Amino acid sequence: MYRYDIHDQTLVDERVAQFRDQMERYQAGRLGEEEFRPLRLQNGLYIQKHAPMLRIAIPYGMLAGNQLRALADITRRYDRGYGHFTTRQNLQLNWPALEDVPDILGELAKVQMHAIQTSGNCIRNTTSDQFAGIAGDEVEDPRPWCELIRQWSTLHPEFAYLPRKFKIAVSGAAQDRAAIQVHDIGLRLWHNADGELRIKVLAGGGLGRTPMIADVVREDLPWQHLLTYLEACVRVYNQFGRRDNKFKARIKILVKALGIEEFRRRVDEEWAHLKDGPQTLNQAAVDAAKRHFPEPERRPVAESAVADFEKLRSENRSLARFVTNNVTDHKVPGYKAVTLSLKRREHAPGDVTADQMDAVADLADRYSFGEVRVTHEQNLVLSDVPVDELEALWKELDTLGMANPTVGTLNDIICCPGGDYCGLANAVSIPIAQALQERFEDLDFLYDLGPLDLNISGCMNACGHHHVGHIGILGVDKKGEEYYQISIGGNSTDDASLGKILGPSFFREDVPSVVEKVLDVYVAERYEDERFLDTYRRIGLKPFKERVYAQ
Amino acid sequence: MPSNSDTQNDATALAPVHVDHLIADGELAPENAWCVSYDEEILPEQRPAFVPLVLWQANQDDIELAPLLASNTELTAELVQQFSATDTLAVDFPAFTDGRGYTIARLLRERYGYTGEVRAVGDVLVDQLDYMRRCGFTAMALRDDQHPDDAIRALNAFSVRYQTDVEERQALFERRLTAGQ
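These protein sequence lines map, in sequence, to chains A and B. In terms of my numbering, the first sequence is residues 1 to 551. In terms of my numbering, the second sequence is residues 1 to 181.
Excised from the complex, chain B in its bound form (with noise of 0.2 Å):
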C-alpha cells in the first residue's frame, strides 16, 4: 500500500499543467488556453486538453482534446493519418535535455505532412526554441520560469543555417551555388 504522502504526490505529478506563455508562430501569444495533462486514465476536468495518446485514442469524439505524444513516440503513417482528426498535438519535452521531441517534429512535418500545430510541452527553455522551430514547431508552450522577452530574443539569435530544416529547404551549399551563379 502506498502511504498518504506518495499518494498525494502522485496526485500532484499527474494534475493538468497549465503556464501562461505560449509561443506561436514566433510571437507570444495573447494567452494560452490548454492545460497539458499526464494521467493516462482519468481524463482532466479542464478543457481544452492534451491528453496521452491512448487516452486521446479513446475520446476522439471530444473535441476539445488533444494528442499528447511522448518522447518515446514512435510515429507511423497510420498513426499519423488519425492526427489528420485535430488540428493540434503535442510532443513533451520530460528533460530539456531529452532531444527525441525534434526529430518527433520533423517527422510530423517531412515525412507525414502534418500540417497543423505541433507544440512543445514540458521543460521547454527560451535557449531550445530556435532548434524548436527549426523542427517544425509552431508553438512552444514555456516552462513558468522562463520569460517571454528572453524567448522572443533567443528566437531570433540567428540568420544563417547551414542544414536543411522543416522552414529552410535549400542547405546552404546549395544556396551558395546558386548566388555564385
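With the rest of the complex left out, here is chain A (with noise of 0.2 Å):
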C-alpha cells in the first residue's frame, strides 16, 4: 500500500502543527466559532451531540497492520476503546475530548495517517472498491489512480471553499463495487479496443436529500489528463454552483440546472486551457504510483490444498455458511478474500472495539500481508488469505465474534450513527438495526431471501445510504416525534436506481414488523432464485403497499 516519502511526511506534520495553532487560536478566543467550524471540519472535527467526533481518514480503504493497531491504541487513550467504521470508508472517534484532538492528529501522523478534508465542503476521501487489487473482474487497479487523486485533492489551494462537499469515487472492475453512480463524480477504469486505458467520467450523482444518478459527462478520457480533468470539472462548479441555499448546492443540482450538455460543454471550455498543462499525468508518475501497490509475496498454494478445502467446506455446515457469504473469489488460485462482518447485535453497525482492531492488525499480519481494507458496507476485509489457511482464520474470527455468515445478507445493514450521536439526525438508526437483526437473525431464512442491502440513514443527509438499499429506512421528524419511512427498490451498483417510498411513515416499533410484511410479498411472489430486486422491479410498489397499509 502507499508509504509516505519525505513530502507526505512533512504536509501530514505541518498540517499538525497548523491545526494546534488554530486550535490555540481558538481556545484563546482570537479565532470565533463561526470561522473556527471550516478548519476544524476540514480536520475532521465535528462538534457534536454529546462530545465532538473525529472522522479519521483512510484513504480508498487501505490500512496497514500498524496503522490498526495505533488506531486501537488512539481509542483507548483518548476515546471509549471503540471507533465506527463508515460507509466512507473511513473511522469515527465518537468521544474525544476537543482539547486532545492536536495530540491525536500528532499520533495519527507518527502512523502516516491524517484528518485531512474528512468533513467541510472540500474534495473528501476518494473511495473504491475494497476488492481492488485481487478482484477477478478487475480491468485496472483503482488505488494507484486514487492515491493519484488523493494528493491532487489534499489542501488544493483553489478548491478549500467550494459550495458544498465533493466525493469521488473510483472502480477499476467489470461489477461496480464502489458505488460510482452515486457520487459527485464516478470514474470507471476501462481498457478500449486497443487496450489503452480509458477513464469514464460521470458527474451530479448522489444521495441526501435530492438523490440523482450521475450522467455521463465523459465516456473515455485518456488517463493522462485525468487531474487536469478533474480540475476543469471542480472549477465549474467552484464558479458556478449555488451557494445561496446549501440544501441546492451540490454539483448534482448544477448539473441538473444546466442539462449534461451544457455542463459538459463548460467543463471542455474550461479544460481546453488546462489539458496537456503541468498536471497532466505521465507514464513515468504513473508507474511510480503503482510501485506503491505491488503484488504481495503470495506463496504457491496446491492444487490439493484447494481439492482439500472443497472438501472440508462440503463437510462442515457453519464453516460453509461462512464460505459462502463471506469469502469472495481472488484473481490468484488457492487465495480467498475474506470479509470480516461488524454487524452483530451488541454493536452498532460498523462498530469495533480496540481489543478487536489488535486482533484483527495480528490476523493480517498471520494471514493476510499485514494489510486490512474498510468497505462501504462497513465491514473489514483480508484480501489475500491462502485456502490451506482458511479454517484456521474462520476459527479466530468466531472466537472474535467477527465470523457471522451475514455478509450480503439483510442482516448486513449500513446504518449511520443516527440520533444517538449525530447532531444532524431526526431520529436513531442503530437500535433500529438492531430491532431487525433481532427479528432476522434466523440464518435459514436470511440465505433463503438472498443477497439483500438494508441501509438505515437517521437523516435525509442519507449517510446509510438509504436511497440504495434494496430496502430503505429514513428517520423523520414530525413534530418532535422519531417516525421510519420506507423505501424499496434502491441499489447502488451497475444497474443502479433510488428506491421508492412506500407511504406513509411508520412508528418506530413499527419497523420490523413492516419489513417483514415487505419480505413476505418478495417471498410469496418471487420466482424461484428471483433477487428481492428483481421481483420489485417486475412486479413494482403496489403489491407492497397494499400488503404493508391493508386494514
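FYI, nobody ran anything at the bench for these hints, they're computed from the structure. As the structure is a prediction and not an experimental result, all values here were calculated from the model. Even for Gly, the Cβ is constructed at its ideal location relative to N, Cα and C. Warning: the hint list may mix true and false statements.
[To be verified] Going by beta-carbon spacing under 8 Å, a handful of chain A positions derived as facing chain B:
no., residue
1, R25
2, L39
3, L162
4, A285
[Unchecked claim] FRET-style restraints, in silico, Cβ to Cβ:
no., chain 1, residue 1, chain 2, residue 2, range
5, B, D20, A, T10, 31 to 39 Å
6, B, A77, A, P278, 17 to 25 Å
7, B, N156, A, G106, 15 to 23 Å
From these two lone chains plus the hints, build me the complex, please.
Shown next, in the form of C-alpha cells:
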C-alpha cells in the first residue's frame, strides 16, 4: 500500500502544527466559532450532540496492521475504546475531548495517517472497490489512481471553499463495487479495443435530500488527462454551483440545472485551457504510483490444498455458510478475500472495539500480508488469505465475534450513527438496525431471502445510503416525534436505482413488522431464485404497498 | 418607502471600507492606503479606492481608482484586456466561505497573464492566506479583527504542496521523478 515519503510526511506534520495553532487561537478567543468551523471540519472534527466527533481518513479504505494498532491505541487513550467505520471507508471516534484533537492528529501522523478533508466543503476522501487489486473481474487496479487523486485533492488551494462537499469514487472492475453512480464524480477505468486505458467520467450523482443517479460527462478520457479534467470539473462547480442554499449546493443540482450537455460544454471549455498543462500525468508518474501497490509475495498454494478445502467445506456446514457469504474469489487460484463482519446485535453496525482492532491487525499480519481494507458496507476485508489457512482464520474470527456468516444478507445492515450520536439526525438508527437484526436472525431465513441490502439513515443527509438500499429506512421528524419512512427498490451497483417510498411513515416499534410484510410479499411473489430487487422491478411497488398498508 | 433606519443601514453598508493590515508579498505592509467602496453608483470621496467594476469602467481617467471584482465575476479576455490600464485590482470575498475568488485569481494569472497586484478584500481571514497566495493573490487586506502576527505564521505553515499553482509550476509527482533520476 501507499507509503509516505519525506514530502507526504512533512505535509501531515505541518498540518498537525497548523491545526494546533488554530486550536490554540480558538481556545484563546482569537478565532471565533464561525471562523474555526470550516478549519476544524477540514480536519475531521465535528461538534456533536454529546461530544466532539473526529473522522479519520482511511484513503480508499486501505489500512496497514500497524495503523490499525495505532487506531486501537488512540481509542483507548483518547476515547472509549472503540471506533466506528463509516460508509466512506473512514473511522470515526465518538468521544474525543476537543483539546486532545491536535495530539490525536499528531499520533496519527506518526503512522502516516491524518483527518484532512474528511469533512467540510472540499474534496473528501476518495473511495474505491474493497477488492481492488485482487478481483477477478478487474480491468485496472484503481488504487494508484485513487492515490494520484488523493494527492491532487489534498490542500488544493483553489478548492478548499467549494459550495458544498465533493465526493469522488473510482471503480476499475467489470462490476461496480464503489457506487460510482451516486457520487459527485464517479470514475470507471476501462480498456478500449486497442488495450489503452480510458476513464469514464460521471458527474452529478448523489444521495442526500435530492438523490440522483449521475450523468456521463465523458466516456473515454485518456488517463494522462485525469487530473486536468477533474480540475476542470471542480472549477466549473466552484464557479457556478449554488451558494445561496446549502440544500441546492451539490454539483448534482448544477448538472441538472444546466443539463448535462451544457455542463459538459463548460467543462470542456475549461479543460481546453488546462489540457496538456503541468498536471498532465505521464507513464513514469503512474508507474511510480503503481510501485506502491505491488503484488504481495504469495506463496504457491497446491492444487491439492484447494481440493482439500472444497472437501472440508462440503463436510462442515458452519464453515460452508461462512465461505458462501463472507469469502470472495480471488484472481489468484488458491487465495480468497475474507470479509470480517462488523454487524452484531450487541454493537452498532460498523463499530469495532480496540481489542478487536488489535486482534484484526494481528490476523492481518499472520494471514494476509499485514493489510486490512474497510468496505463502504462497514465491514473489514483481509484480501489475501491462502485457502489452506481459511479454516484456521475462520475459527479465530469466530472467537472474536467477527465471523457472522451474513455478509450481503438482510442482516448486513448499513447504518449511520443516527440520533444516538449525530447532531443532524432526526431519529435514532442504531436501535432500528438492532431490532431488525434481532427479528431476522434465523440464518436459513436470511439465506433463503438471498442478497438484500437494507440501509438506514437517521436523516435525509443519507449517510446510511438509504436511497440505494433494496430496502431503505429513513428517520424523519414529525413535530418532535421520530418516524420512519420506508422505501424499496434502491440499488448502488451497475444498474443503480433510487428506492421508491412505500407511503406514510411508521412508528419506530412497527418498523420490523413492516419490513417483515415487505419480505412476505417478496417470498410469495418471487420466481425461484429471483432476487428481491428483480421481483420488485417486475411487480412494482403496488403489491408491497397493499400488503403493508392493509387494514 | 424605506424607513429611516433602513436608509441609514444602507448608507452604512455602502460606506467605503478601510482596513489597517495589508499583507503584501508575504509581509506586513507598512500601510494600506486603499479603501474599498461597494457603492455601484456613487464614487467615494476617499482616494485611492477600489470601486465596483462598472463604476471603474465609467471612470477610467481617474487613476486613483481601481476595479473591485465581485465573486461572481465571469472573466473574459476582453475584460482582462481592460485591466492593462491598472496596476492593481481587488477580488472581493463577501464571505470567507465563498471560494470563487480563488478561481478568479488563478484565471487572472494563469489564463490571462495579468501581472499587476491582485488583492483579496472583504472577509479575508488569516487561515486563507496560504491558499490565496498559491492562487495568485499578491496582497491580502485582513479583516479588521485578524492579527497580523497570526497571518505571517499562517502564510508559512506549509513547505510542501502536491499540486501546481500560480507559484509552483511542477506537480510533486513530476518533482519526485526529477529528484529520483
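Okay, the hints, checked on the actual structure:
Nearest Cβ of chain B to the Cβ of R25 of chain A: about 6 Å, under the 8 Å cut. The hint holds. Look at L39 of chain A: its Cβ gets to within about 6 Å of chain B, closer than 8 Å, so that hint holds up. Taken as an interface hint, L162 of chain A checks out: its beta carbon lies about 6 Å from the nearest beta carbon of chain B, inside 8 Å. Hint status for A285 of chain A relative to chain B: holds, with the closest Cβ pair at about 4 Å, below 8 Å.
At about 34 Å, the CB distance of D20 of chain B to T10 of chain A agrees with the hint of 31 to 39 Å. The given range of 17 to 25 Å is respected by A77 of chain B and P278 of chain A, whose C-beta atoms sit roughly 21 Å from each other. Checked against the given bound of 15 to 23 Å, the beta carbons of N156 of chain B and G106 of chain A, roughly 20 Å apart, stay inside it.
Checked against the numbered hints above, the structure breaks none of them.
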